Amino acid sequence: MEKSDLKVKVLGTWSSPFVMRARIALNMKSVNYEFLQERLWEGKSERLLKSNPVHKKVPVLIHGDKLICESLIIVEYIDEVWPSAPSILHSDPNERAIARFWAAYLDDKWFPSMRSIGFARGEDEKKAAIAEFEKGLVLLEKAFGNCRKGKPFFGGDQIGYLDIAFGCFLGWLRVTETTSGIKLLSEAKTPALINWAHRFCSDAAVKDVMPDTEKLAEFAKMIASKRRGEAPPKS
Amino acid sequence: MTINLNVETCSPRISASIYGNRLCILSSTSKAMAEVKLHGFWASPFSHRVIWALKIKGVDYEYIEEDLPNKSELLLKYNPVYKKIPVLVHGGNPIAESLIILEYIDETWPHNPLLPSDPYEKAMARFWIQFVADKGSIFRSFLLSTSGEDQEKVAKDVLEALKIIEEKGLGDKKFFGGDTINLVDISYGVLAYWFKNMEEAIDIKVLEPTTLPRLSRWAQNFMEVPVIRENIPDRDKMLAYMRRMREKTVAQQLNK
Chain A
-7 MEKSDLKVKV LGTWSSPFVM RARIALNMKS VNYEFLQERL WEGKSERLLK
43 SNPVHKKVPV LIHGDKLICE SLIIVEYIDE VWPSAPSILH SDPNERAIAR
93 FWAAYLDDKW FPSMRSIGFA RGEDEKKAAI AEFEKGLVLL EKAFGNCRKG
143 KPFFGGDQIG YLDIAFGCFL GWLRVTETTS GIKLLSEAKT PALINWAHRF
193 CSDAAVKDVM PDTEKLAEFA KMIASKRRGE APPKS
Chain B
738 MTINLNVETC SPRISASIYG NRLCILSSTS KAMAEVKLHG FWASPFSHRV
788 IWALKIKGVD YEYIEEDLPN KSELLLKYNP VYKKIPVLVH GGNPIAESLI
838 ILEYIDETWP HNPLLPSDPY EKAMARFWIQ FVADKGSIFR SFLLSTSGED
888 QEKVAKDVLE ALKIIEEKGL GDKKFFGGDT INLVDISYGV LAYWFKNMEE
938 AIDIKVLEPT TLPRLSRWAQ NFMEVPVIRE NIPDRDKMLA YMRRMREKTV
988 AQQLNK
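Chains A and B, in that order, are what the protein sequence lines are. Numbered according to our numbering, the first sequence spans residues -7 to 227. Numbered according to our numbering, the second sequence spans residues 738 to 993.
No lab work stands behind these hints, which were simulated from the structure alone. Predicted model only: the values in this text are computed from it and were never measured. Possibly wrong hints are sitting among the right ones.
[Claimed, not checked] Listed next, the stretches of chain B that the computed footprint assigns to chain A, with coverage defined by at least 3 CB atoms under 8 angstroms from CB atoms of chain A:
(1) 840 to 848
(2) 864 to 878
(3) 917 to 923
Heads up, the beta-carbon is just placed ideally off N, CA and C, and yes, glycines get one too.
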C-alpha cells in the first residue's frame, strides 16, 4: 500500500492553535483524516499518554501505525509525504530558513507573550505585557512585508508554512483583544497583518478549522474558572 | 580582524534577508559557491554545532570570533531579533539560530546527508533535536544553581531528561544517526562535552556509565569522531570559563 494511502488521524482539540496547524496542512493536501477529540480539561486520556508518552501533548498525527508529534514537525512531515501541490514549504533553503526562524520565534517568544497578557495581575503588569507583545507584532509586520514580496501571504500566492504557523493563533489573539479591551492588530500599527488575517481566515483550508471567537472566549472562561476551582457555570 | 562584506554581482533571483534589508543578490547556480562566514564564540556549543556541520560537508568558511560583551555592529545587523551567535552568513544573507542553520547547511549542501531521507525517520530526528533544545534551560540551571536544594532538584530534572533521551531517543544505536553521526548527534554535542565539563566545574555527576550506560558510551564515541575531536574548545580554558560564570552568578545571588 502506498504510504500516502494509509489511514490518517489527528489527536487533538478544536481550541488548540497547534492542532489547527496539522489540520490546515492536511486540508491543503486534500487528505481525509479522522479527528479524535481529546477533552484535556478532564485530564489526559490513556490514548494521549500512549500516543505521546514523552510530552503528553496534542497534536499527534497518527499515520498508519506511525505517531508524529510536535505541530511544526507534523506540518513538515505532511508536506513531505504528500508532495503534490500546493507545497507548504518553499523549495529554496534560504526561504525555508526564514520561515522556520519566524515560526520558532512565534512559538518561543510571541505566543508566550500573548499568554502573559491573560495571566497579568494588575494594570501595570498588563500594560507591560501588552507593550512586549506589541513589540513582537511590529517585528512580524516587518517580516511579513519582506517575506510576501508583494503577494497576499507569507507563502506567496497561497498560504504556506509561516502563514499556518502564525495564523493558527488568530482565534486566541481575538479572545485576548476581547478580554483585555485593547485592539492588538490595528490599522495604525499593523495594517498589512490585519488584511493578511482576513485573507488567512477565509482560506478554504482554514475556515472550517478556525474556531469561532465567541465559542473560544466561553471556553477560555470555563478553563479559567476550573483553574480557580470554581463550580462550572450553570448552562 | 577586518571583515569584508563582499557583494555578489547582480543576477535574477533576489534573496532577501530575514531582517528586511536586501543584502545580497544571488543566482541559484552560484549559491553553493558563494562566500560563507560564521559569527561565533569559542566557548559556545551552538557555535560548534555549525562548525561541525560545515566541516563534515567540506564547506570553506571564514570564522569571526565575537566578543560577547561587545558584539560587533555586523552581528547586531545580522541578528537584530536575538542579537546572538551563531549567525551563518552565506553570500551576504544571514541565518540565525543554530538548529535552523544546521537544516539550512544540510539542504544547501546535500552531499553527505545529515538527516534521514524517509519522512517519518526525519520527523523522529527533528523531534529529538527539538527535545534537547527544549531542555537547554535545565542544563544552564544545572551549571548556575547555587543552593544545595536547588542543585538537587535540577540534577534530578536533568537525570530524568537524560533517561528519556537514552531510552527512547538513542536506544541501542551507536549514534543517533546509526553508524555515523548526523544532525541529531551534532545537536546533542552539548551533552558530550559541555555538560560533562559542567559536572566537573560543580563537582556533581549525572551522566555516568552506572546510571546512563548507553548515553555515556554514545558521549565517548561522539568525542572520538575525528571532526569533533579536532574542533572542540580547550578543556582547561572551558572549565575556567564555566567556573568564572558560576562565581559571577553566586556573587550576584549574594548581593541580592
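Open item on the list: If you test the structure against every hint from before, which numbers come out violated?
Closed with: Result: hint 3 breaks, nothing else.
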